[in-house]
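A.B. asks: Assemble the complex: chain A is given as a structure, and chain B must be docked to it using the hints.
Protein chains in written order, with our numbering: chain A, 29 to 201; chain B, 60 to 299.
All the given hints hold, so there is nothing to weed out.
Computed footprint of chain A on chain B; a stretch qualifies when at least three of its residues, placed anywhere within it, have a C-beta under 8 angstroms from a C-beta of chain A:
1. 67-75
2. 104-115
Cβ pair distances, simulated, as ranges:
3. B/A98 <-> A/G79: 44 to 54 angstroms
4. A/D145 <-> B/R106: 17 to 27 angstroms
5. B/E281 <-> A/A41: 13 to 23 angstroms
6. A/R102 <-> B/N103: 30 to 40 angstroms
Derived by calculation from the structure, the hints in this document are not laboratory data.
By construction, the Cβ of each residue, glycine as well, lies at the ideal position given by its N, Cα and C atoms.
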Amino acid sequence: MDDEPPFEEAFRACYAARYAPLFTYLDRLTGDPDLAADVAQEAFVRLHRRGEMPDQPAGWLVAVANNLVRDERRRVTRQLRLLSEEPTRAPVGAPANDPADEVERAERITAVRAALDRLSVRDRQALLLRHGGYSYREIAAALGLAETSVGTTLVRASHAFRAAFEEMHDASE
Amino acid sequence: MHPSEAALLALVHGELSAGETAAIRSHLAGCAPCRAREATVRDNEARIGALLRLLDHPMPARVAPAPRGPRFGARHAALAASLALFLAGAAAAAVPGTPLNRWFRSQLGSAPPTAPRAAAPAPAAAPTAPAQVAGGVEIPAPRALVVTFAAPEPRGVLAIHATSRANAALQAYGGDVAYQVGDGRIEVDNRKPAGRYALEVPVTLPRLTVLVAGRPVFDSAERPLAPGLDSIPLAPAASP
Chain A
29 MDDEPPFEEA FRACYAARYA PLFTYLDRLT GDPDLAADVA QEAFVRLHRR
79 GEMPDQPAGW LVAVANNLVR DERRRVTRQL RLLSEEPTRA PVGAPANDPA
129 DEVERAERIT AVRAALDRLS VRDRQALLLR HGGYSYREIA AALGLAETSV
179 GTTLVRASHA FRAAFEEMHD ASE
Chain B
60 MHPSEAALLA LVHGELSAGE TAAIRSHLAG CAPCRAREAT VRDNEARIGA
110 LLRLLDHPMP ARVAPAPRGP RFGARHAALA ASLALFLAGA AAAAVPGTPL
160 NRWFRSQLGS APPTAPRAAA PAPAAAPTAP AQVAGGVEIP APRALVVTFA
210 APEPRGVLAI HATSRANAAL QAYGGDVAYQ VGDGRIEVDN RKPAGRYALE
260 VPVTLPRLTV LVAGRPVFDS AERPLAPGLD SIPLAPAASP
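Bound conformation, chain A alone (with noise of 0.2 angstroms):
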C-alpha cells in the first residue's frame, strides 16, 4: 500500500501547476480576492471528489468555477462585489506614491471593470482566460467552445473591449 494511488499524484500535480492561474483568473472575473480563493479551493475539491483526472483539467476546473461563480452570484447571501462597482480593495499592481498616480490608476481600473462588465459572459471569460495564459484548447473545454472558434471570439472581445475601455476612460476625463 506505499504506492501512492496515480489519481492522488496527477492530482497534487495539476493543484500545484493549476492553482495559481484559476486565482488568478477568478480574481480578475470577480473582483474577489477572497471569493476567488473559494471558487478556486472548491473546484479542486469537486475535481479530487471526482476521482480521476478529467481530458482537460484546466477547461474543467475553470468550467466548474465558472458554474460556482454564476451560482454564488444568484444566490447573492454575499455581498458581492460586481464589475461595475468600484472596488473596495486595493488591487496589487505596482504601488503608486503619487496621489495624481494614484487616482488614475484608480480610474483605469474601474474602467477596465466597467469595460468587462459590457462584454457578453463568453467573451469576457475567453479573454479573461486568454490573458491569463490559458491556451485555445484550454479555453474550448472550458467554455465549452469548438476549438476553432476561440481565435474569432477572441477577435471580437479584444475589440469590444478595447473600445468600451477607451470610452469609459475617456468619460472619466
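C.D. replies: Using the frame of chain A, we list chain B on its own:
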C-alpha cells in the same frame, strides 16, 4: 492571401502550427501592411494584458506561504479550547458562514446520510461548542489536532486543506460515518466507509496527526502542513 486578424492574433499567441506560422511569416516578410497589422495586434494584446493586470490582488493567506507556529503549542490552551462533544444537528446554524463552508453545506447537505451520530449531549450552546457541518464536524481553533479513523480504507483518501480559517472541520463525502469529537481530537467511526474525506485545518495549526486503525499515516512534525491542499491515503503502511 492576407492573413485574417484571428490568424495574426493566433500567431501572436503562439497558437499556430509550425506550417501555419511559416506561411504567415513568409507573407509578412513581403507585405508591409500586414506587418503593420501584426504589430498593431501585438501592441493591443500587450496593452490589454497590462490593463487586466491592474485588477490583480494578492492571493489570500490560505495559499500564501504561511508562517509556522510553535511546533508544540501550549497544551493548557488546548484544554481551554473546548470540550468538544456535540449533538447532531444542534449547532448547524452556528457554523461561521465562510463561503467554502456554505458550499460544503449547500452542495453536500443532500448527500447520502452522513449526519454524525453524537456520542453524548453537547454542553448547551457554549460559545466554543463545536458546530456541525453537513456530514462533518467542526471544532473551533484547535491548538493541536489528532484525527483517528477506526478502520483502514484501502481506497480511501483524506484531502487536507490548510486554510486561513481558525477552525478545523472534517467532512465525509458519502458513506455512513460517525464522529466523536473531543479536546483536540476527531475520531471517525468509518466502518461504513465514505472513501473520501476533506479536512480543513488552520495553516498555523502547530501539529496535526492522523491515525488509521491506531497507526500514524500523517504527522505534521514529519511532513509539515502544506499551504493549500494535500492528500493522503487512508491505508496504513503494510507491516514489514
